[in-house]
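A.B. asks: Below, each chain spelled out in residue letters.
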Amino acid sequence: MRQFVKVYFSFFTVLISFNLFMSFLAAQLFLQQGFNIYGVYMIAGIIKIMGFVFSVLIERIFYAKRMYFLKNLGLSYRRIFTYIFLLDLGYYAIILTGCWMIRNFI
Amino acid sequence: MLDDQELYLDSVSHRYGVKQVLSSVYITCKVGEVVGLLGRNGSGKSTLLQIIFGSLQPHFKYARLNGKVFNKGYLTGKIGYLPQENFIPGHLKLEKLLNLFVHTYKDQIVSIDFIGNHLQYTMDSLSGGMRRLIECFLILYSDAAFVLLDEPFSQIAPLYIELIQHHIHLLKVKKGIIVTDHYYERVLEISDRIVLIQNGCNYQINNREDLAVYGYIPSALN
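Order-wise, the sequence lines are chains B and X. Everything in the first sequence is counted per the numbering used here, starting at 1 for the first residue and increasing by one. Everything in the second sequence is counted per the numbering used here, starting at 1 for the first residue and increasing by one.
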């Protein structure tokens with residue numbers, strides 16, 4: 001985990017930014033349509049899944065160059081993506097909470 | 001305790017397509033020894049190191065580290081691997097790389113002249129040979145108890161080859177090291193044991209004559 005934190009911002013800023021962008025895109029839907037429409041959840045879910053799929057595809061381009069570097073740090077790509085996606089879901093939850101508060105209290 | 005640490009591989013079999021590269025290969029390495037791995041081009045030396053490290057999944061292997069069965073060596077955090085090609089992204093500074101790779105032996109590695117003098121350099125700004133040398137030292141001085149060096153002497157000036165040999169000798173007290181290179185004389189000089197990979201099998205080499213017997217070097221050279 002310690003090693004992951006060290007490489008998180010060095011190598012995956014594009015990936016993190018891209019997923020944050022997708023999170024804000026999905027959050028925009030909730031801001032406009034509200035939290036009571038089932039379809040919004042579906043579309044937001046699809047946006048997030050698309051973000052994850054594209055992230056994996058983008059990262060595959062750099063895989064060969066980074067593979068031994070990351071593995072020598074004891075990190076597997078599966079573990080890295082698990083951490084990145086879990087953190088991203090955490091950010092997403094915070095963004096959605098913010099949106100919910102804006103819609104209901106402001 | 002260090003004496004108990006052992007890397008053990010048995011029954012390693014792997015093929016590329018129809019070509020059987022490794023067939024029931026057996027290799028061990030204990031902390032405190034340097035194992036030289038020799039073989040002709042395409043004999044499977046690098047394949048074997050990749051299998052130990054875990055970056056290549058063989059058709060079969062039985063692997064133990066300190067008595068515990070493992071599948072991928074890099075996930076144990078105790079095996080480091082220097083691949084043949086450059087593996088460190090060019091935009092990283094040496095100082096940052098030391099923070100990532102080296103913890104236990106940081107003082108020792110920084111005290112090496114060419115490391116200490118290049119702390120603020122990115123890998124891209126170094127020459128090919130210097131970059132290779134630094135990668136080799138990062139793996140050697142990493143926290144891994146077992147180090148796999150795949151052609152550490154290639155692209156390196158003779159003076160620096162001796163430096164690598166010297167540091168391998170220093171570190172072998174604390175680590176187990178498997179080294180393969182086509183500069184076989186250099187490998188012979190630093191190794192406690194030599195294993196030859198040929199026709200997919202491993203052979204214990206006891207002297208230079210054995211290398212000639214197995215056809216690794218011409219008879220006239222031994």
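Please note that the accuracy of each hint is not assured.
[What the hints assert, rightly or not] Taking lysine-lysine and the DSS-like style, the derived pairs with C-alpha atoms no more than 27 Å apart in a straight line are:
id, chain 1, residue 1, chain 2, residue 2
1, B, K65, X, K72
2, B, K6, B, K48
3, B, K65, X, K106
4, X, K19, B, K6
5, X, K30, B, K65
6, B, K6, X, K78
In case anyone wonders, no lab produced these hints; they're calculated from the structure. Quantities reported herein were computed from a predicted structural model and do not represent experimental measurements.
A.B. asks: Taking the earlier hints as the rules, which of them does this structure contradict?
C.D. replies: 4 and 5
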